[in-house]
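Residue numbers (the working numbering), protein chains in the order written: chain A, 1 to 204; chain B, 1001 to 1204; chain C, 2001 to 2261.
These aren't lab readings, by the way, just hints derived from the structure by calculation.
From the three backbone atoms N, C-alpha and C, an ideal C-beta is built for every residue, glycine too.
Hints may be right or wrong, so weigh each one.
What the hints assert, rightly or not - One side only, chain C facing chain B, incomplete, derived with CB under 10 angstroms:
| no. | residue |
| --- | --- |
| 1 | Leu-2064 |
| 2 | Phe-2142 |
| 3 | Leu-2143 |
| 4 | Arg-2175 |
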Amino acid sequence: MSLPDHLRALEAVLFAADTPMTREAIAAYLGDDIDLRAALSDLQAQYAGHGIELVERAGRWHFQTAPDLAHLLRRESSEPRKLSRAAVETLAIIAYQQPVSRAEIEAIRGVQVAKGTLDVLMEAGWIKPAGRREVPGRPVIYAVTPAFFSHFGLASRRDLPGLSELRAAGLLDPIDLALEALESQALEAVAPDTDMDNRGGDDD
Amino acid sequence: MSLPDHLRALEAVLFAADTPMTREAIAAYLGDDIDLRAALSDLQAQYAGHGIELVERAGRWHFQTAPDLAHLLRRESSEPRKLSRAAVETLAIIAYQQPVSRAEIEAIRGVQVAKGTLDVLMEAGWIKPAGRREVPGRPVIYAVTPAFFSHFGLASRRDLPGLSELRAAGLLDPIDLALEALESQALEAVAPDTDMDNRGGDDD
Amino acid sequence: MDAAEDDWDAPVTVAPIPDLAREELLTIDIDGWEGPLDLLLDLARAQKVDLLSISITELVQQYLDFIENARALRLELAADYLVMAAWLAYLKSSLLLPSDPAQEPSPEELALRLQLRLQRLDAMREAGARLMARDRLGRDVFLCGAPEGLHVGKSAEWTCTLFDLLSAYGRVKARTAPVLHQVSRRPVWSLEQAVARLSLMIGDVPDWRDLAVFLPQMSDADYARSALASTFTAALELARTGRLELAQDGAFAPILVRPMP
């Protein structure tokens, strides 16, 4: 049942840590002579089937309880503050389409982003300003944080539910792009072998 | 490597608990149809030779890191400390309006700035003296450092959101501010003009 | 997906299905929607799941009916709902008219754009619901309840987040600049500005001219009124200091000015 020394050390460091740790942070404790990538994956395998599991979220590692035991551990006090519907949609837009500016969020939702919506998400630590868009007015753009990935149990952006389907369906593209795609599809369906030069004039 | 269900549950409950637990407290989560005495001893055996161990102290159970690994966890010797409100405000003013002298910061904040506040920011490596203002008294002026930008994930000062964006994000809320202003007035009324230098960074 | 639907605090539990009686439609709380696009999306979803194959004219009619009913009940509707209604009515009539090749963009394209917008909003709504339904830290999964902590040393490592920094600056600015807000809300053409403008413009031409020609052009009515008041006062001030003369033929007649030689 005993673990090798380097796994024991890794286990202790991750257990004692009060926030998720990057590989660099772990290495600061364990030194550089350990193959951390392999060690993390070994330790993760060790804990498979346990009530505690080792997970990676946006490049940071932590132990957490297994999701199927939620019913045992859930307490009334543990229910996180309920987000408004506007905040949920705004968070989804930032997560799936980041980085986005406020104006871009408003364009998708068709309403102004209320004062306090971004504020609430920033206070929760889930989004942060991520520079500015290099367009007139240089609007601030927002992106999600590592804390967002930890909170929602996502290893990386690729883990966002339905991301690849949304991308494949073009639903993350701007409307102008989608419109062009639809038009060219329609044209091909209607007139598959018209002369290309003539088509050029029509779809302007 | 998988554990039986009752051990998984026990493991998760003990891991998530914020204080050591008596058998009664554990039973409140797991129900009465488990032989807790046996389960605890099984789980303890599971963790023998790990970097984490399950221990009993005065009838209460908890996980802790193995004592022989303590040296690993004590490597880094810095503790996170939150900046005082005065220090954060001072830092924000320097970031937005650099280079500024202490007197200018005071004029903007509307409150005196303790010398200790600037010292704390310099110790953190976020500000540095940047010459002197060529006015009577030749006051030292301050500016932010490259370490400031990397800590806050900013490429340059141009990445700081402007006032209109702060307002849109709800960070310029007059009601909160009015309340806070009243509170700080009240505080200042209680402790009027103590020697500012002695108050150091903690003039909250 | 079921869990996602449950977690979703959609206020609209009663989707207004097309053949629902109008009275039932009216029980829906207008406050439940986040703007006209959101309302349209709910109407559209009730029509079909595939938002690209819905009937736009039918959707437009449902929306217009809804607005009509809300008005009949004297519900107060935010302006953007009415703006959308006007636009949709226009779209519908363009769609029904024989197509005009000169119209750019074509009504069909406008309709398609609307569908694409609805589709995108729907996708994000769905994505949000799925996010909220995940195993969330602090609700479904838990970190170590009492971490021992890794830092034990003495030297302080100062922490401050960008959010702390930005809100601190917002606090300072709002605390120290309350006057600015009032000024920007009520623009005023100051007496100093009026004196400067009048003395500059009156020049040396010794003709009588209407004081009104010296008023700055302003679209804002309040601002223009303040300019009128300050320009009049400025004229009195300049007359008092002997720089111009004032004349008026009768009460409420134009006030004439000319520079003193």
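Consistency of the hints with the structure:
1. Here the hint on Leu-2064(C) is broken, as its CB sits about 33 angstroms from the closest CB of chain B, past 10 angstroms.
2. The criterion of a C-beta within 10 angstroms of any C-beta in chain B is met by Phe-2142(C), whose closest approach is roughly 4 angstroms, and the hint holds.
3. Against a cut-off of 10 angstroms between C-beta atoms, the interface hint on Leu-2143(C) holds, since the closest Cβ of chain B lies about 8 angstroms away.
4. A least Cβ separation of about 6 angstroms between Arg-2175(C) and chain B falls short of the 10 angstroms threshold, and the interface hint therefore holds.
The structure does not agree with numbered hint 1 stated previously, though it agrees with all others.
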